[in-house]
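From first to last, the protein sequence lines stand for chains X and G.
According to full-length UniProt numbering, the residues represented by the first sequence are 1 to 254, in order.
According to full-length UniProt numbering, the residues represented by the second sequence are 1 to 376, in order.
For the record, the hints were derived by calculation from the structure and aren't laboratory data.
Where hints are given, some of them may not hold.
Stated by the list, open to error - Sample of chain X residues lacking proximity to chain G, with all beta carbon distances greater than 12 Å (derived): (1) 8; (2) 49; (3) 123; (4) 129; (5) 185; (6) 189.
Stated by the list, open to error - Okay, the calculated beta carbon distance ranges per label pair: (7) X:180 x G:273: 54 to 64 Å; (8) G:46 x X:79: 30 to 40 Å; (9) G:49 x X:74: 41 to 51 Å; (10) X:27 x G:49: 49 to 59 Å; (11) X:127 x G:86: 57 to 67 Å; (12) X:176 x G:244: 51 to 61 Å; (13) X:127 x G:15: 32 to 42 Å.
Remember, it's a predicted structure, so these values are computed and weren't measured experimentally.
Using N, Cα and C, we set each Cβ at its ideal position, and we do this for glycine too.
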Amino acid sequence: MDNSRANLLEEAVGISKGGRVVVVEDCVETSGAFVLHHFLKRSLYPDTSDVVIFIAFAHPFSHYERILRKMGCNLTVHRKTHRFVFLDMLTLECPDRNGKETRQDGLLALYGEIEKAVEIYSSLEGSRTITIMIDDISLIEVAANGLSNHVLDFLHYCYTLKAKYGCSFVTLNHEDIYSSANTLPLILQPEYLADVIIKAEPLATGLASDVHGQLTVLNKGSVCDLGDSSSKVRNFHFRVKENIVDYFYPGTQT
Amino acid sequence: MAETICRALRDGAFEGEHAPALTIKDTIDTPLGSFVFNHILTQLTANILAGKSQARGVVLVALSRPPSFYAELLKDKGFDVSSSSKWLRVLDCYSDPLGWKNKLMERGTVRNPYEETLLKTSLCKNLKELDKVLSSIIELGKEIVEEGKGRFAVAIDSVSEVLRHSSLPSVARILSHLRSHDQVSCIFCLLHVDLHEAKVAATLEYLSTMHADVEPIVQRTNGQRNTSEDLPMVEQSFKIGKFHVRFKRRNGRVRVMREELYVEGSGIKITEVSSEDGFTAQSLVPKVQFNLDLSEKERLDRAKVVLPFEHQGTGKPIQIYDGRKSLNESENEEKQASVEKLQTTEDSGRGEIIYFRDSDDEMPDSDEDPDDDLDI
């Protein structure tokens with residue numbers, strides 16, 4: 001039963017055909033981190049040889065390890081078998097003192113690390129999708145001292161890897177912190193480039209004990225497919241449990 | 001009019017005039033601008049290959065999509081990509097706009113970061129130096145037309161990307177340079193309006209002779225980005241949009257045209273607005289079991305119904321007493337009064353209330369309490 005419910009999200013996102021950009025947006029009331037964990041777990045299924053490059057600005061490795069272990073996925077083992085690359089960016093700082101160059105250099109070095117890893121893994125034998133995950137974009141902005149253009153440059157470079165290596169992207173961003181005209185591009189630009197946008201919002205009717213929020217999935221990718229009759233926009237509720245998340249359509253939960 | 005746009009771009013610049021320029025604008029509510037861009041690019045390419053257009057080739061400045069995307073697109077539309085070097089040059093500003101990859105390659109971090117495509121591309125490694133970008137666009141154009149007086153078209157797939165790296169005046173300068181260049185036949189570019197201030201869109205509109213706006217069929221009233229409440233509308237906005245085109249004539253006359261735009265497969269279809277209101281209403285009203293509309297017969301029947309308290313002035317002018325003497329009435333007043341008296345006596349069975357005002361002092365609907373002076 002749990003399995004079929006988890007598919008609601010998978011169904012809405014659709015089957016991945018190589019490189020794809022997924023943008024997860026959440027807000028203060030409803031965290032979207034569980035969607036990120038879901039994608040992380042899915043990419044590390046034992047029956048594939050897909051690789052995840054995880055760029056963590058928000059939490060240390062132990063945090064993700066604990067959560068994923070409860071979901072039945074051992075990150076330490078995957079890290080040892082080189083299927084999970086964890087880039088700890090908690091301490092990444094692009095100091096302001098030395099001016100503009102240094103700030104850009106921090107992100108340039110990070111991009112270098114990502115591209116190096118991608119190059120190594122894609123040169124290995126066998127077909128695998130490399131998924132790059134970023135948690136989260138707003139903290140890159142913090143690291144870049146609030147220069148959203150640098151963050152967008154960095155993201156642009158990351159997206160260029162999609163064309164050459166067929167990488168997938170999953171990024172998390174907070175929607176409600178961008179309101180002024182100067183920072184709005186940081187949320188809009190990734191949306192323009194995204195294939196799938198997933199929004200985690202609280203219920204419009206307020207809080208409920210057995211429903212933790214709603215997910216809206218906008219699947220732009222399938223719009224391009226001919227004869228695809230499935231709905232392109234889906235909305236459903238979710239409930240985050242200890243080691244699994246229930247997805248269900250409004251009113252179907254008993 | 002998509003066809004009119006394509007025709008204008010095909011015909012190119014007139015002698016002694018700037019090249020025609022088209023700005024395609026969209027917002028995140030209907031992000032279909034890139035579809036329009038691709039549509040126009042393929043139309044223009046078809047015209048070039050058929051020898052119908054003034055331009056002999058296209059210089060495509062790729063900023064938001066990799067050159068491989070365009071190779072794929074042209075292949076899909078049935079163009080021979082392998083011989084594209086005769087009519088297409090791509091200035092690749094997508095792969096390495098800031099020279100990061102180049103730097104990493106020099107440092108030895110990565111080996112070969114650049115993608116290979118079938119198209120003939122030229123790499124731009126510093127988008128911040130717009131003058132160099134301009135000169136490479138013109139150089140690439142001259143490569144296509146070789147020598148002589150031939151002209152080429154310029155396509156910029158996202159001005160928004162350029163604007164992130166450079167200021168608005170410098171971008172405007174480049175665009176007007178290109179327009180006035182005597183070998184440029186036409187320019188078209190895409191702009192995501194909501195990424196910039198309002199003045200950016202206005203500036204680009206001044207610089208162009210045509211603008212194509214892609215707008216949502218139904219504007220969101222509150223400007224909220226909350227999608228969960230209007231799902232059908234959001235879903236629709238990825239497939240259908242309003243397509244507004246404004247042409248500026250040489251003499252300053254502006255012509256506006258409206259069309260509708262549908263996403264079909266990997267391309268788009270642009271059609272005349274058939275029945276705008278009906279369409280919107282149909283798509284907005286949820287599908288219900290009962291009828292919300294009237295049929296033609298029902299509409300006629302409803303018009304015939306006589307309401308019980310409606311004045312049925314059969315041919316005569318309807319007079320409603322408002323408590324005052326109107327001007328034309330006062331002339332006939334005396335005559336009427338006597339006639340009415342006669343009538344009342346004759347038709348006493350009809351039941352009628354005849355009211356004569358006592359005097360003009362009495363206000364029709366006085367707020368004053370008539371028993372105000374009573375002392376009980």
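Consistency of the hints with the structure:
no., hint, in the structure
1, 8, "holds, 15 Å"
2, 49, "holds, 22 Å"
3, 123, "violated, 9 Å"
4, 129, "holds, 17 Å"
5, 185, "violated, 5 Å"
6, 189, "violated, 6 Å"
7, X:180 x G:273: 54 to 64 Å, "violated, 36 Å"
8, G:46 x X:79: 30 to 40 Å, "violated, 52 Å"
9, G:49 x X:74: 41 to 51 Å, "violated, 57 Å"
10, X:27 x G:49: 49 to 59 Å, "holds, 50 Å"
11, X:127 x G:86: 57 to 67 Å, "violated, 36 Å"
12, X:176 x G:244: 51 to 61 Å, "violated, 32 Å"
13, X:127 x G:15: 32 to 42 Å, "violated, 57 Å"
The earlier numbered hints that this structure contradicts are 3, 5, 6, 7, 8, 9, 11, 12, 13.
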